[in-house]
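Enquirer: So you can see what is in the structure, the chains are spelled out below.
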Amino acid sequence: MLRVEGLRVSYGAVEAVKGLDLDVGAGEIVALIGANGAGKSTTLMAISGATAVSGGYIRFRGTAIEGRPASEIVRLGIAHVPEGRRIFKRLTVLENLQVGAYTRRDRREVEASLEGMFGYFPALRDRRGQQGGTLSGGEQQMLAIGRALMANPTLLLLDEPSLGLAPLMVERIFDIIRSIHRSGTTMLLVEQNARTALGVADRAYVVETGRIVLHGPASALLDDPKVRTAYLGEVIA
Amino acid sequence: MTLERKFWGPVGWGLLAGALLVPLAGVEHGAKIAVAVAIATAGWQLTHRGPAARAIARTGVILNRIRGRALTAVSENRRAWMLVGAVTLAAGPLALNNYVLDVLALAWLYVVLALGLQITVGFTGLLDLGYAAFYAMGAYGYALASTRFGVSFWAGLPLGALLAAACGVLLGVVTLRLRGDYLAIVTLGFIQIVHLVLNNWDRVTNGPNGILHIGRPQIGSLVFTDPIHFYYLMLGVAIVAILINTRVQSSRIGRAWMAIRDDEIAAEAMGVPTTRLKILAFASGAAWAGVAGVCFAGKYAFVSPESFTFFESIVILAMVVLGGMSSIPGVVVGAVVIVVVPELLRGVQDYRMLAFGAALVFMMAARPEGLIRRGLPKRRPGAAAA
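From first to last, the protein sequence lines are chains A and B.
Quick note: the first sequence uses the numbering used here, first residue 1, plus one each step.
Quick note: the second sequence uses the numbering used here, first residue 238, plus one each step.
Please note: incorrect hints may appear among the correct ones.
To be verified - Here are the simulated lysine to aspartate or glutamate pairs, EDC-like style, with alpha carbons at most 20 angstroms apart:
1) A:K89 x B:E501
2) A:K89 x B:E606
3) A:K18 x A:E66
4) A:K18 x A:E28
5) A:K89 x A:D126
What the hints assert, rightly or not - Beta-carbon label-pair distances, calculated as ranges:
6) A:D21 x B:W438: 55 to 63 angstroms
7) B:T512 x A:D175: 52 to 60 angstroms
8) A:R61 x B:R385: 54 to 62 angstroms
9) A:K89 x B:R385: 32 to 40 angstroms
10) A:E109 x B:G457: 35 to 43 angstroms
11) A:E109 x B:A327: 39 to 47 angstroms
12) B:T309 x A:S136: 24 to 32 angstroms
13) A:K89 x B:E543: 51 to 59 angstroms
14) B:R295 x A:E109: 44 to 52 angstroms
15) A:D106 x B:L300: 42 to 50 angstroms
FYI, nobody ran anything at the bench for these hints, they're computed from the structure.
Being a predicted model, the structure only gives us computed values, none of them experimental.
Quick reminder that beta carbons are idealized off the backbone N, C-alpha and C, glycines included.
Modelling step: build the complete structure from the supplied sequences, incorporating the hints.
Expert: Printed below as a string of structure tokens:
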């Protein structure tokens, strides 16, 4: 569904992503794990068109999308849940969701998406008239995911959905992510919380300094000694 | 804080404001603002802690409560209050003298200006300090069209709006990559440039002497000359502006503007074409300034560069900030207050800019979100179902 080849992204003189390759098949959850500054978020931003690409190819369902404007990419079916949630603080919950559906014109379909989304996040329905900034961290994360779902994506890019949340909330969010996935949404998940990410993912890539250093089925990575010491914090005798 | 700092703080800020503003706004306005800044700073130092601060905060709470009560009273009996308001606005002028009517007509004119700037600054979060330039475009556009080609006022309205909007697009395109402070500085430069051009391009603008004998609005054989004519004209334009902006704010585009203001990167990621919408925000705001400019030219039958200065931009910005950045009723109140209050302070002529500055600072301390916060939209029945 998504194929990234030799992706390069630079911020000024600094190259954050240095020739990265990855694949996401239809119906998969693929995790991208790695340390701070490895280039995971930048990769997602490049895919969704939020940042400029300096080299390489990104193909989504056969269409080259690298360098295309974000609005076009959203229309093709990729929605992005940005790192740190980035909800619109002074807009209401409902308005946040409506902005998520910005690229869609058919009101009835949008209304249907809204109902579907409230199915995953009933708390948002109760808070729909409230300003986004007044929500708790967990609710803001739900809103960020809900907002992305309003674009009716076939591929959802999730950037650190566990960031800054209490363990119980992380569990709840990931339960919801699983059920969204079961309804047929493909996902590319970026996480520092490697254990959680590998727990839900089918396959995973390990990113270090802008390149893929390891990839394979999530279960195999969970057993990989390198991953266990570097990302799962285990001490192997 | 030491006493010494308490003394030098206000003096320093006052001098700095003077040094910056005298060349820009002229000696008279610049000095006034500088003194106002000094007094405001002193006031701030005295009040931002301690009992005075509590008193200010308390006043804010009381203001809020009054507003709450008023809103409930109005919403409980919406129709009746709207009728009362409409009758007052429509019939009131018959009982008022020309001076009051003139002030009110000016207030409605500024309502239109402030509503336009609200689109750019309040909704989209683009700090435009050069807004008066668009006002000048409308005024000079109509002045020239009227004196050279005999274009009527009514044809001038859309013409002025278009001309100003085109300039808005131009400024928007030029400043696309700029944000915050940098955008403010460039737009400030823009009004300076426009002001200088108006002052010096003698062949077209007649320089500082301005343009005389601009055609007044006319319906049939009725030529608009009396204050009461302009009261109704400006009231009409202001009501149209309020209605249109209210619709726009709750539209898809309005939401996207506010999303850009809250988080431009997130808006971009949601597929909002931020570049196009920012240019559109400049153009839409400018269009209202253009309309207001045409009305201004039609009202006074005379335009000159001194009406279109950086100071003018700041006054309009103050209306938006004072009223409440994203509340339309707030901006209307802000504009009326800022036009009417200095008139009420005419008794203390020389100090009115001081009092005005102090009032603004007081507002910032008591109610930083402006007089009226944006009322959150009503729940839509469709979304409420199930």
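Enquirer: All the hints need checking, so say for each whether the structure fits it.
Expert: Okay, the hints, checked on the actual structure:
1. A:K89 x B:E501: Status holds; Cα separation ~12 angstroms.
2. A:K89 x B:E606: holds, 14 angstroms
3. A:K18 x A:E66: holds, 15 angstroms
4. A:K18 x A:E28: Violated. A:K18 to A:E28 sits at ~25 angstroms, over the 20 angstroms cutoff.
5. A:K89 x A:D126: Since the Cα atoms of A:K89 and A:D126 sit roughly 17 angstroms apart, the hinted pair holds (cutoff 20 angstroms).
6. A:D21 x B:W438: 55 to 63 angstroms: holds, 60 angstroms
7. B:T512 x A:D175: 52 to 60 angstroms: violated, 38 angstroms
8. A:R61 x B:R385: 54 to 62 angstroms: The hint (54 to 62 angstroms, Cβ to Cβ) holds, given that A:R61 and B:R385 are roughly 59 angstroms apart.
9. A:K89 x B:R385: 32 to 40 angstroms: violated, 50 angstroms
10. A:E109 x B:G457: 35 to 43 angstroms: Violated, at about 51 angstroms.
11. A:E109 x B:A327: 39 to 47 angstroms: holds, 44 angstroms
12. B:T309 x A:S136: 24 to 32 angstroms: holds, 29 angstroms
13. A:K89 x B:E543: 51 to 59 angstroms: violated, 41 angstroms
14. B:R295 x A:E109: 44 to 52 angstroms: holds, 50 angstroms
15. A:D106 x B:L300: 42 to 50 angstroms: Given a distance of about 44 angstroms, which is inside 42 to 50 angstroms, the answer is holds.
Violated hints for the displayed structure, listed by number in ascending order: 4, 7, 9, 10 and 13.
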